[in-house]
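Take the sequences, apply the hints, and build the full model.
Below, each chain spelled out in residue letters.
Protein chains: 2
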Amino acid sequence: MTTEPTILESLDAAQRQQVDEQLQELTRGAVDVIPDGGLAERVAESVRDGRPLRIKAGFDPTAPDLHLGHAVLLQKLRQFQIAGHQVIFLIGDFTARIGDPTGRTETRPPLTAAEIDANAETYADQVFRILDRDKTEVRRNSEWLDAIPSDQWLRMASVMTVARMLEREDFSTRFRENRPIRVHEFMYPLIQGYDSVALDADVELGGTDQTFNLLVGRDMQKFHEQRQQVVLTMPLLEGLDGEQKMSKSYGNAVGILEDPSDQFGKLMSVSDDLMIRYYTLLSDRPGDEVAAAIEAGDLHPMDAKKELAAEIVGRFYDSAAADSARSGFENVFSHGDVPDDMPTAAWALADGPAWLPRIVADQDLAQSLSEARRLLKQGAIKVDGDPITEPGEIDQAGEYVVKVGKRRFLKLVVSD
Amino acid sequence: MTTEPTILESLDAAQRQQVDEQLQELTRGAVDVIPDGGLAERVAESVRDGRPLRIKAGFDPTAPDLHLGHAVLLQKLRQFQIAGHQVIFLIGDFTARIGDPTGRTETRPPLTAAEIDANAETYADQVFRILDRDKTEVRRNSEWLDAIPSDQWLRMASVMTVARMLEREDFSTRFRENRPIRVHEFMYPLIQGYDSVALDADVELGGTDQTFNLLVGRDMQKFHEQRQQVVLTMPLLEGLDGEQKMSKSYGNAVGILEDPSDQFGKLMSVSDDLMIRYYTLLSDRPGDEVAAAIEAGDLHPMDAKKELAAEIVGRFYDSAAADSARSGFENVFSHGDVPDDMPTAAWALADGPAWLPRIVADQDLAQSLSEARRLLKQGAIKVDGDPITEPGEIDQAGEYVVKVGKRRFLKLVVSD
Numbered sequence: 001m002t003t004e005p006t007i008l009e010s011l012d013a014a015q016r017q018q019v020d021e022q023l024q025e026l027t028r029g030a031v032d033v034i035p036d037g038g039l040a041e042r043v044a045e046s047v048r049d050g051r052p053l054r055i056k057a058g059f060d061p062t063a064p065d066l067h068l069g070h071a072v073l074l075q076k077l078r079q080f081q082i083a084g085h086q087v088i089f090l091i092g093d094f095t096a097r098i099g100d101p102t103g104r105t106e107t108r109p110p111l112t113a114a115e116i117d118a119n120a121e122t123y124a125d126q127v128f129r130i131l132d133r134d135k136t137e138v139r140r141n142s143e144w145l146d147a148i149p150s151d152q153w154l155r156m157a158s159v160m161t162v163a164r165m166l167e168r169e170d171f172s173t174r175f176r177e178n179r180p181i182r183v184h185e186f187m188y189p190l191i192q193g194y195d196s197v198a199l200d201a202d203v204e205l206g207g208t209d210q211t212f213n214l215l216v217g218r219d220m221q222k223f224h225e226q227r228q229q230v231v232l233t234m235p236l237l238e239g240l241d242g243e244q245k246m247s248k249s250y251g252n253a254v255g256i257l258e259d260p261s262d263q264f265g266k267l268m269s270v271s272d273d274l275m276i277r278y279y280t281l282l283s284d285r286p287g288d289e290v291a292a293a294i295e296a297g298d299l300h301p302m303d304a305k306k307e308l309a310a311e312i313v314g315r316f317y318d319s320a321a322a323d324s325a326r327s328g329f330e331n332v333f334s335h336g337d338v339p340d341d342m343p344t345a346a347w348a349l350a351d352g353p354a355w356l357p358r359i360v361a362d363q364d365l366a367q368s369l370s371e372a373r374r375l376l377k378q379g380a381i382k383v384d385g386d387p388i389t390e391p392g393e394i395d396q397a398g399e400y401v402v403k404v405g406k407r408r409f410l411k412l413v414v415s416d
Numbered sequence: 417m418t419t420e421p422t423i424l425e426s427l428d429a430a431q432r433q434q435v436d437e438q439l440q441e442l443t444r445g446a447v448d449v450i451p452d453g454g455l456a457e458r459v460a461e462s463v464r465d466g467r468p469l470r471i472k473a474g475f476d477p478t479a480p481d482l483h484l485g486h487a488v489l490l491q492k493l494r495q496f497q498i499a500g501h502q503v504i505f506l507i508g509d510f511t512a513r514i515g516d517p518t519g520r521t522e523t524r525p526p527l528t529a530a531e532i533d534a535n536a537e538t539y540a541d542q543v544f545r546i547l548d549r550d551k552t553e554v555r556r557n558s559e560w561l562d563a564i565p566s567d568q569w570l571r572m573a574s575v576m577t578v579a580r581m582l583e584r585e586d587f588s589t590r591f592r593e594n595r596p597i598r599v600h601e602f603m604y605p606l607i608q609g610y611d612s613v614a615l616d617a618d619v620e621l622g623g624t625d626q627t628f629n630l631l632v633g634r635d636m637q638k639f640h641e642q643r644q645q646v647v648l649t650m651p652l653l654e655g656l657d658g659e660q661k662m663s664k665s666y667g668n669a670v671g672i673l674e675d676p677s678d679q680f681g682k683l684m685s686v687s688d689d690l691m692i693r694y695y696t697l698l699s700d701r702p703g704d705e706v707a708a709a710i711e712a713g714d715l716h717p718m719d720a721k722k723e724l725a726a727e728i729v730g731r732f733y734d735s736a737a738a739d740s741a742r743s744g745f746e747n748v749f750s751h752g753d754v755p756d757d758m759p760t761a762a763w764a765l766a767d768g769p770a771w772l773p774r775i776v777a778d779q780d781l782a783q784s785l786s787e788a789r790r791l792l793k794q795g796a797i798k799v800d801g802d803p804i805t806e807p808g809e810i811d812q813a814g815e816y817v818v819k820v821g822k823r824r825f826l827k828l829v830v831s832d
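Residue numbers (the working numbering), protein chains in the order written: chain B, 1 to 416; chain D, 417 to 832.
Do not take every clue at face value.
What the hints assert, rightly or not - Here chain D is said to cover these stretches of chain B; the calculated rule only asks that three of the stretch's residues, wherever they fall, bring their Cβ under 8 Å from a Cβ of chain D: (1) 140-148; (2) 175-181; (3) 373-385.
FYI, nobody ran anything at the bench for these hints, they're computed from the structure.
Where a beta carbon is used, it is the ideal one built from N, C-alpha and C, also for glycine.
This is the structure:
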């Protein structure tokens, strides 16, 4: 990171320190800052002039069920916000409304205005667990895109060449493999770029998969004789398995709206290395600081993990929820106890012996009866601490604690 | 050419003959009719229902100086018009106004509205020497393109794939040679296609170099659930040399606004084969009919050529101009005489001997003094029938006939 000497030289020592501190925080965990030194220059100017930077991040209102992977970007926005900059949460409703207009693929179904509103609401509900709602500028790109005159569309399209578009990795792959790319798909990066012009963005944030589109924003601003934004990219977050990227479909995700105890338990399951990574990308506390404390023997990894989990749960809910999730976890795992609160199921032996797979499935401790049967066979269902592998029937009245997998409990009351 | 049997069967004998006659005339000289049989079907319907077909041809208001090459298409439109169909003369002012918005190439400078108006006027002045102004629908595509909402632009772009666009010959060449193609250039064929939707075109005419764009019109109509137009392409006309395509820059063109005597003389200079070709593409009289008459000894090629020249001059001017050009030509070439009317130049020997190159250049019988000097050296300047090669000075008072090349004459009056 280098800064134009002229700007830094015009700052006093306190201001320089402020710039350094901001940069350290704002670039933490980032993959790329383009151009090199661009952010330093912009932050120095901001400090010198007392002008907040305009930080843009765009979101498709199509996948309102967010997880920690999405939170990486939001956490970075939060850091900009804490540093006093203006965060703009941009909802890409214009393109969402269009989807894939040919109707030949299911990948981008068009959304109605009502669906977009509903999704935006769900988005907001999750996003503002991380960002400060009062300090966030929420915009929709239909505000300006609906009003663009026809000739402006062609001028926008003129900014990029076909060859350069085909350099984008997904386009080049599809082109090479003779899979169709429709011309309007070339317009989407241009639109995203024009959004930067409309918002007069100083910085645009995105995932590494967005680098190409973010750079188009710089081209578009240059074409409109506007100062070019700084591009800051964040990595894709690894899932709980530490291997694949976090995704609901891989079953390795922590949902922002998940139960506090589930969030806590899942976060406690990650490896120590991944914990440091999560600190870096998701916590207010730098990962290298935590790693150093562990290395020095000042912090036990298990405690570091609990603190991380509590911080994240606390952000998505509140500190009471974090405390409760923590003590719930400690009861079950640290002390080997069963949790205080469990669902209760009842079974009357008049209906025959208590059929464990059915009960487990009915209580949603397994996704289906067949999964419950499989869990039973695998010895993953314990009754009062003993694995029951077959046939899973209890023919004595009494109270039993049924444990499914590592964290799911059930009190079973069997009566005559 | 095949017709859906159902339509032809529903016609009576007189109607069928009408369809056959129309088809023969309308397809004369055409390179392609797409789809095969499409025009026959449409004409048959037109005859059956008494509905004129809507015939679209688009023109860029950028090159208002038309020549016989442009007249090929106009002649075809004229034939549609004579057959009772509705010809739509579409001025592509929308794209002309945009030009190349990057400003990085000089190939498509944007035109102002005033320039477009002036060009359109000059166009009309030439076009309506061939088409019937009262029966022509003159439109500008800005009528509908200015009003297209933003999302419609993206929907338009979705109709075509990038790979298909790159199949267009000029695009594929540039792409292969790593010469830039800007994304908005992909929009131009789409715009032309959308024009067909806006005009509800039954048939679109164009040169063979337009085939790709004309076919996009069919795609665009299909996307808009409109019946797909028939595409009819005409060849590029060979110039007077019979080799290269007609173009002002090759010096082998006959301008629509050229002097009648120049038009006549130039047309008389073509080979007999090219004359038949010009008959086919530019005359109301079929080329094969003329060829047959010559073959049978019923028509002398020189007379056939004079008739063609007179027909064309008569169309661009009137029959009086054609007669006058014809007799002027016959005076000079057939009888070896000098024309009745020639420009006159005067020279006083008081200024020194009459300096031929200067006089020839001043009278615009050569493009410059240096060209006049070259013509003199080549023996292409005759005075009273004798070539003067050097030094080109006349020092005796009197009247002289100066002949430059084959057809340019000048009366030179030299006084003491």
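For each hint, the structure was consulted:
no. : hint    : verdict
1   : 140-148 : holds (count 4)
2   : 175-181 : holds (count 4)
3   : 373-385 : violated (count 0)
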